[in-house]
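Engineer: Read off the chains here:
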Amino acid sequence: MTEPLDFWSMLFVFVLASFIGVGVVRRVSRLLHTPLMSITNAISAIAVVGSIIVTGADYPRGIRIMGAIALFASMTNIVSGFLITDRMLKMFKSERRPGADGGS
Amino acid sequence: MSHGIVQLAYLVATVLFIFALHWMNTPDTARKAVYSGVVAMSIAIIATWAQPEVVHHGWIVLAIIAGFVVGVPLSRVPLTAVPQRTALSHAFGGLAAGLVGTAKYYLWASEGPENLTAFRMVAIIVEVLLGYLTFTGSLMAAGKLQEIKWIPQRPVTYPMQNLTNLGLLVVALLAGTALVLHPAAAWGPALFPVIIALALVFGVLLIIPIGGADMPTVIAILNSYAGLSAVAMGFVLDNKLLITAGALDGSSGLILAIIMCRAMNRSFTNVLFGAFGQAKQVTAGGDQKAYKSETIEGGAQVLEQANLVVIVPGYGMAVAQAQHKVRELYDQLKKRGVTVKFAIHPVAGRMPGHMNVLLAEANIPYTDLVEMDEINPEMPQCDVALVVGANDVVNPAARTDKNSPIFGMPIIDADRARTVFAIKRSKNPGFAGIDNELYFSEKTWMLFGDAKNVVGDLVKQLSGGGVH
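Quick note, the sequences are listed as chains A and B, same order.
Each step along the first sequence adds one to the number in my numbering, with nothing skipped, and position 49 is 49.
Each step along the second sequence adds one to the number in my numbering, with nothing skipped, and position 433 is 537.
It cannot be assumed that every hint is accurate.
The list that follows gives simulated cross-link-like pairs (lysine to aspartate or glutamate, DMTMM-like), each with its CA atoms no further than 25 Å apart [as the list claims (entries may be wrong)]:
#1 A:K93 - B:E465
#2 B:K136 - A:D58
#3 A:K90 - B:E465
#4 A:K93 - B:D472
#5 B:K556 - B:D505
#6 A:K93 - B:D132
#7 A:K93 - B:E475
#8 A:K93 - B:E482
#9 A:K90 - B:D472
#10 B:K344 - A:D58
#11 A:K90 - B:E401
#12 B:K438 - B:E398
#13 A:K93 - B:E541
#14 B:K445 - A:E95
Rather than coming from a laboratory, the hints here were simulated on the basis of the structure.
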C-alpha cells in the first residue's frame with residue numbers, strides 16, 4: 001500500500017501551502033481586504049477541477065448530476081469573483097482622475 | 105493529456121495563484137493579481153477537462169454557461185451589497201465541496217469499496233461536514249446581511265444553545281467515525297444522509313446567534329471554512345492543486361478573522377458562541393446630558409479654517425448614501441488648502457476593508473484613506489474630526505468604561521481632536537447614540553439631520569451658495 005506515503009505528502013503540501021498563504025496574505029494592503037476576499041473566493045472555486053471530473057467521467061447519472069451542480073456553483077464563483085475583484089480594484093486610484101470631477 | 109503534463113499545468117496554476125495573492129499587497133499591482141488568477145484558473149480547467157477520463161462534455165458546457173449567466177450579474181451588485189455577495193459565494197463554495205464529496209462517496213460505495221480507505225473516508229467526512237455547514241451558514245449570513253424579512257437580524261438565543269450545537273456536532277462526528285471504521289458497511293449509504301442533514305442544520309444553528317456587528321468576523325471565518333473544504337476535497341481526490349489553492353483561501357480567511365477579532369478586542373470563541381450585540385441594554389435614565397448643536401453655517405466656517413480635517417466614516421454613511429457628498433466636501437476643503445484624511449477603523453462597514461471600497465468608489469484617492477493605527481498619533485493635531493455615520497468606533501467608553509460591551513476595543517481617537525463634529529440623524533436620545541460619551545463632550549458639536557443632506561448643505565455653504 002502506498003497510501004500512507006500519499007497521505008503524508010498531501011499533508012506536507014497542505015501545511016507548507018498554508019504557511020505560504022499566511023506569509024503572502026499578511027502583506028496584503030488593508031485597503032484591499034474586500035477585494036482580497038473576492039479574489040480568494042474565486043481561487044477557492046478551484047473545486048471546479050473536482051467537479052469537472054465528476055460531471056464528465058463515465059459515472060452513473062445521479063453522481064454526474066451532483067457534479068454538474070457543483071460545477072455550476074464553482075463556475076459562478078470563478079466568474080463573479082474575478083469580475084467583481086477587478087471592478088473594485090479599478091476604483092482604487094492614488095490621484096483624482098482629471099476631468100472626473102463632481103458626481104452630478 | 106498525459107499525467108505529467110496535467111501535473112505540470114497544476115504546478116503552474118499553483119505558482120500563479122500565489123503570485124495573485126502576492127500582487128494584492130499594493131493597489132498598484134493588484135490588477136495584475138486578477139489576470140494572474142484568471143490565467144491560473146483557465147489552465148487548471150483546461151488541463152482537467154482534457155484528461156482522458158472526462159468523456160461526457162455536454163453537461164460540463166451547460167454548467168459552465170449557467171455559471172456565467174449567474175456569475176456576471178452577481179459581479180455587478182452595488183458595493184454596499186458586496187458583503188452579501190461574498191457570503192453567497194462562500195455558500196456556493198461549500199455546496200460544491202459537499203456535493204463532490206457526496207458524489208465520490210456514493211460512487212465508491214457502489215462501484216469500488218476498496219477505494220474507501222479509512223484515510224479517504226476521513227477526508228470525505230471532513231469535506232462533507234465543512235462543505236454543507238458552510239453552505240447553510242453562509243446562506244444565513246447572506247440573508248442577515250441582505251436583511252431578508254424572515255431571517256431574524258437580531259441574535260437568536262435560547263437556553264442551552266451552545267450545548268445543543270455541540271451535541272449536534274458530536275452526533276455528526278460519531279456517525280462519521282462509524283463510517284470511517286466500517287467504510288464498506290451495507291448501512292453506510294443510509295447513514296451518510298444523516299451526516300449531511302446534521303451538517304446542514306449545524307450551519308444554520310451556528311449563525312443564528314450572531315449579531316450584525318460580528319458579521320465581518322463571521323464572513324472571514326466562513327471564507328476560511330470554504331477554503332478548508334476545498335482542501336479536504338483535494339485529500340479525497342488526491343489532487344495537490346486543490347490542496348494548495350484551498351489552503352491559500354483558508355489561511356487568508358483565518359488572517360482576516362484574526363484581524364477583525366483584534367479590532368473588536370474579542371476572541372474567536374466569543375464571537376461564535378457569545379451572542380454579542382443583544383446584551384446592549386438601554387442605559388438611559390439618570391443624567392440626561394445635553395447635546396450642543398451647530399448650524400451648517402458655523403460648521404462650514406470651522407471646517408474652512410482648519411488645517412487638518414479627519415473624517416471618520418461608518419456604515420451609517422453608506423446607508424445614507426452620503427459617500428458622494430462626502431467626496432464633494434473633500435474637494436471643497438482641498439481647494440481651500442485644508443488637509444483632509446479619512447480614518448478607517450478595521451471593522452467600519454460590514455466586511456473587512458468594506459469602507460475603503462465604498463470610498464474608493466466615490467473617487468477618493470486611496471492615499472487619503474488612513475488606517476486606525478496610523479491616524480491615531482495624528483489626532484491631537486487634528487483641528488476637526490467629522491464623524492459621519494460611525495458610532496462604536498469612536499466611543500471613548502471603549503477606553504474608560506469597564507462595563508461597556510465594547511470595553512477594550514481599539515478606537516479612532518476622535519475625542520483627541522480639537523473639535524469634533526458628529527452628524528446624527530435625530531436629537532432623540534435613547535437610540536444607540538445615548539451610549540456615546542463623545543457626543544456630550546465639551547468639544548463636540550452635533551450636526552443634526554440625514555448624513556447626505558447635512559454634508560450636502562456643508563458643501564453648498566462652502567461653495568458659496570448658502571443654505572436656503
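Engineer: For a C-alpha distance cap of 25 Å, please report whether A:K93 and B:D472 respect it.
Structural biologist: 10 Å, holds
Engineer: Quick one, are B:K438 and B:E398 close enough, alpha carbons at most 25 Å?
Structural biologist: 22 Å, holds
Engineer: Given the hint that B:K556 pairs with B:D505, test it: the Cα-Cα distance must not exceed 25 Å.
Structural biologist: Given that 25 Å is the threshold and the Cα spacing comes to 32 Å, the pair is violated.
Engineer: For A:K93 and B:E541, compute the direct alpha-carbon distance and say whether it is at most 25 Å.
Structural biologist: 36 Å, violated
Engineer: Between A:K90 and B:D472, does the CA-CA distance stay at or below 25 Å?
Structural biologist: 17 Å, holds
Engineer: Quick one, are A:K93 and B:E482 close enough, alpha carbons at most 25 Å?
Structural biologist: 23 Å, holds
Engineer: Can the restraint linking B:K136 and A:D58 be considered satisfied, given a maximum Cα separation of 25 Å?
Structural biologist: Outside the cut-off at roughly 38 Å; violated.
Engineer: Given the hint that A:K90 pairs with B:E401, test it: the Cα-Cα distance must not exceed 25 Å.
Structural biologist: Distance ~36 Å between A:K90 and B:E401 Cα, so the pair is violated.
Engineer: Is A:K93 within 25 Å of B:E465, Cα to Cα?
Structural biologist: OK: A:K93 and B:E465 at ~10 Å, within 25 Å.
Engineer: Is A:K90 close enough to B:E465, meaning Cα to Cα at most 25 Å?
Structural biologist: Within the cut-off at roughly 9 Å; holds.
Engineer: For A:K93 and B:E475, compute the direct alpha-carbon distance and say whether it is at most 25 Å.
Structural biologist: 17 Å, holds
Engineer: Could you grab the alpha-carbon distance between B:K344 and A:D58 and see if it respects the 25 Å cut-off?
Structural biologist: 23 Å, holds
In summary, the numbered hints that this structure violates are 2, 5, 11 and 13.
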